[in-house]
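My request is simple: use the sequences and hints to build the entire structure.
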Amino acid sequence: MIRKLLVTLLTFSLLASTSWAQTRTLQGTVTDAAGELLPGVNVIVRGTTKGTTTDSNGKYQLELPGSENALVFTFIGYKAATVEVGERTVVDVVMEEDLTSLDEVVVVGYGTQREKDLTSAITTVKSEDISRTPAASAMQSLQGKVPGVQIVSSGTPGGSPTVRVRGVGSYPQTKGDQTPVGNEAPLYVVDGVFFDNIDFLNPNDIATISVLKDASAAAIYGVRAANGVVLVETKSGKRNQQTRLTYDGYYGVQVAQNVLKMANSEQFVTMAQESGSAADQSYILNAMQRYGRSRENPNVPNVNTDWYKEVLRAAPIQNHNLGVEGGSDKATYSLGASYFAQDGILDMKNSFERLNIRARTDFDVNDWITVGANFNMSNSTKYSPDDAVWNQAYFAVPIFPVYDEQNTAATPIRYASAENIGYRGPQNPFPTMTFNNNRLQSRKILANFYLKLALIKDKLTFKSAYNTGSTFLRNREVDLPYFISTDGQRSVPELTKKNETFINQIWDNVLTFDQSFGDHNLTVMAGTSYRNELWDMLTARGRYFPVNDEHSWYLDQSLEIPVTDNGTGAKLVTDDGTHQYGFSYFGRVAYNYQDKYLLYATFRADGSSKYQEKWGYFPTIGAGWVLSEENFLKGNSVVDFLKLRASWGKLGNDKVQASDGLATKTVITGVYGNSFKSGTYAKSTFDYLRWEVVEEVNVGVTSKFLGSRLSLEADYYTRDTQNPVFPLTVPLIGGTVMRNVGVVRNAGLELALNWADKIGDGFRYNVGFNMATLKNKATDLGGAPYIEGGSAEFRQRTYLNQPLQAFFGYRTDGVYQNQAAIEADPAAVAYNQANPSNPIVAGDLRFKDLNHDGVINASDREVIGSFLPKLTWGVNLGASWKNFDLSVNLMGQNGAKILNRKRGEMLWTTDGNLDADLAKNRWHGEGTSNKYPSSAGLRKGWNQKMSDYFVEKGDFFRIQNVNVGYTFKASKLGTKFPDARLSFTAERPLTVFKYNGFNPETPNGIDSQTYPIPAVYTVGLSVKF
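So the sequence shown is numbered by our numbering: it starts at 397 and just counts up by one.
No lab work stands behind these hints, which were simulated from the structure alone. You may find that some hints are simply not true.
[What the hints assert, rightly or not] Simulated pairs of lysine-lysine, DSBU-like, Cα-Cα distance not exceeding 30 angstroms:
| id | residue 1 | residue 2 |
| --- | --- | --- |
| 1 | 705 | 745 |
| 2 | 1365 | 522 |
| 3 | 475 | 522 |
| 4 | 455 | 745 |
| 5 | 855 | 631 |
| 6 | 657 | 1341 |
| 7 | 1349 | 1327 |
[What the hints assert, rightly or not] Quick list of simulated restraints, FRET-style, between CB atoms:
| id | residue 1 | residue 2 | range |
| --- | --- | --- | --- |
| 8 | 1421 | 1032 | 39 to 49 angstroms |
| 9 | 1417 | 1005 | 48 to 58 angstroms |
| 10 | 1054 | 839 | 25 to 35 angstroms |
Glycine is no exception: its CB is placed at the ideal position from the N, C-alpha and C atoms.
Below you can see the structure in the form of structure tokens.
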């Protein structure tokens, strides 16, 4: 018995010792050279996938197999460290910063590449730079940071910024009653799914945004890539990462800045007196009788309404995000939820709310099969104003108030009306704000499922991915009844409903081969993609519904649902839709020899059901030479990395419509028998359209100097849209029809210069500068002398070797100061002889006689500016010391012009106010102004010609973003406390410009009914558990 017991004990002892020999527990702390703890460092057992990550205190713990004796430590921005463990159980590691970071992986279409191997123009922005901008759209955070990408801000709650990559190559398109819009927006690819924008995404859910700017980078997306491609990767967990819970949020206020000053009552009265208008004098007298006289000036009504001040307000903005992520050696997971809310600075029901939920995971089924899924859902609700509010606030005269208790007929609110003092219209913007209710509800669902097979480990992989994006829009426009005056009323309540559905399905299959043969490195990728897109829209209008209960604002509650408009015959009930599908083949070859000589080529064949011409082919080729790997530069103490690169390629744009037609009828009379009979002759012109093709050449340099503290990246490109869709006049019958003709060229230089260094004990700083030039012109118009655009009053034209949609009009040459100046000008003399009843007088504008024929007429017009800036630039500054950090972003533009359409429309009516700059600096006597006409001349036909008087400089300088933060380290607070960062952000606190408007940023260079862009101030908190 005792012998059996001894044998048993010996057996367990041997087993225990064997077990101890098989595994042992290691732990330690990871810091940087300054002694700062590094959380999130990957700690992997060499030669395996087993590992962990350091926690918020930089600590790690794992079991080391007995057969292994080394750990590999990796962390972004630091050099990988391999540490032999020996017999130790505690292994502390100090990681060395890697300023070069050229081995960092960059996301490209359908794959990744090392940054050092790129031959393309790609700029990547990371999550920390994206999340520090308080905005609904992540693209707003790129403003001033990516050379060659122009981003025009939007002030509306939840508004989408206008994004242009390397200029504009397409003419604005129209469909039905839509306002002309450009086709300049890039393609957005979110985790493999195509979108027109990414406004539905929470910026905190984004890991990286990569902008593919040139053809070599973007052509893998073929017919969708002509305007550039924006690749968005959402956040995911990491292998061997401990579970981490995070909170990020901010709360702040938005404030209107650079509010346009309008003429006050005293200025308005003075100008009315100078103009000699009997009508204006009558209105002023009526206002004084109704509202009294000012104590300071009895000739002025006792009302001085600043309409912009009345309609604007300070508005809150907030964002809250919760996230959980982690992973083992076989799986990763990432979950998140967020809430964003933004009220508008317009003082009405004007807001945007968005709720996002996301989940992402992948799992190794075995050594060669991996499956993954990604889900992202967004629900949003937006209440928007009628854009007419901004025009009404601009035109409303200051001599009547917002409310008028004497207006007893007004219902349901006693708003004042300018009609009550004699004007033709009510002018008051508050009824438009109060009795119009526009709501847009949006739901977007993104789902991605993939299967990845490692057919030959680390060499040959196959990935099949099914991606779907669904968008459901429910738009409701409500016009409620009210009465404030004869022309300010609505007797019949109207309700318009528009429901849209868009479903996009993509099935990608990609085979990738990656192999090194000594000094030769080769990657070959081939794939197919199937696309299926469905869109449908149902619109209907109802009248006479219960207006006092929003829960009853449904078509079923309406007494009438008219099918057509009685006045125009237009359809009021519409049901429309499209179904498009396509199939594509694509491939890529990337080769390098000794990391010195780089070759890169892609090819895509796109088939589409949209056009008569079914297939398009889009090849690219790129090459690079890493000079720093050559013997004559290797080991150089100044040059750390120097690469020259060049590429050529073709891209496509399928955002143009598929066809366009024009039909005309002519009444004719003919002899039939013994009498004349009337009839009609019908003639139609029809054209099948096809996608536009862009051909681009790009040359560039990527370099790092002085221990990689200084980096320089420069690109020069020419980008030709070879068959843009232009509206051409149809001979004989008139009218226009869209056709693929001509060539539009965009060319420019892009430069990014950055310096990063550290001084003394832990003080780090960085300085960055970027700039981009742009020259846009039409080099071929298909034989047409020009392409007409704009409106009859504000003409835009596209001429050969001039920018697209350039402003077109007269050049001013100051103001006539006296009669002698008029008599000395042959053009003025000729005009007065032809128009003796309304002659040119002192105080009128003087126009240049460009053809020197002694007459000012249409032949003296020319291109007077373009809405596209010739230069955009940005400066990015950063510093950190101990727990403090600071970042400052500056940006600006030069060379753009803005059409001040508000001012132009104002001059056509005697019923509106004037802006304060015009009121103060008008001509009111010899020598008083050589810029603005007199009060009497403001509304004179001679001065109302489309000219550079209405086209102003769009140059500006802006402090785009200031972010100051302090991080509370868990290591110094105790293990029970998480890492936390408290921050303050000022977005757009200062904008300097000369333009007479709220802001010089407008999507198409025309300022008419533009929502002001506010400054934003927030306090934020980030916590990592």
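Verification of the supplied hints:
1. Restraint check: the Cα-Cα separation between residue 705 and residue 745 comes to about 17 angstroms, which is no more than 30 angstroms; the hinted pair holds.
2. Between residue 1365 and residue 522 the alpha-carbon distance is near 23 angstroms, which keeps this suggested pair within the 30 angstroms criterion.
3. At most 30 angstroms may separate the alpha-carbon atoms for a hinted pair to count; residue 475 and residue 522 meet this at roughly 19 angstroms.
4. Annotation: proposed proximity of residue 455 to residue 745 is violated, straight-line Cα distance about 51 angstroms (limit 30 angstroms).
5. Of the supplied pair hints, the one linking residue 855 and residue 631 holds, its CA atoms being roughly 26 angstroms apart against a limit of 30 angstroms.
6. Taking the CA atoms of residue 657 and residue 1341, the gap is about 24 angstroms. The hint holds against a cut of 30 angstroms.
7. Taking the CA atoms of residue 1349 and residue 1327, the gap is about 14 angstroms. The hint holds against a cut of 30 angstroms.
8. At roughly 46 angstroms, the beta-carbon separation of residue 1421 and residue 1032 lies within the given 39 to 49 angstroms, and the hint holds.
9. Here the CB-CB span from residue 1417 to residue 1005 is close to 50 angstroms, well matched to the stated 48 to 58 angstroms.
10. Separated by about 28 angstroms at the C-beta atoms, residue 1054 and residue 839 satisfy the suggested range of 25 to 35 angstroms.
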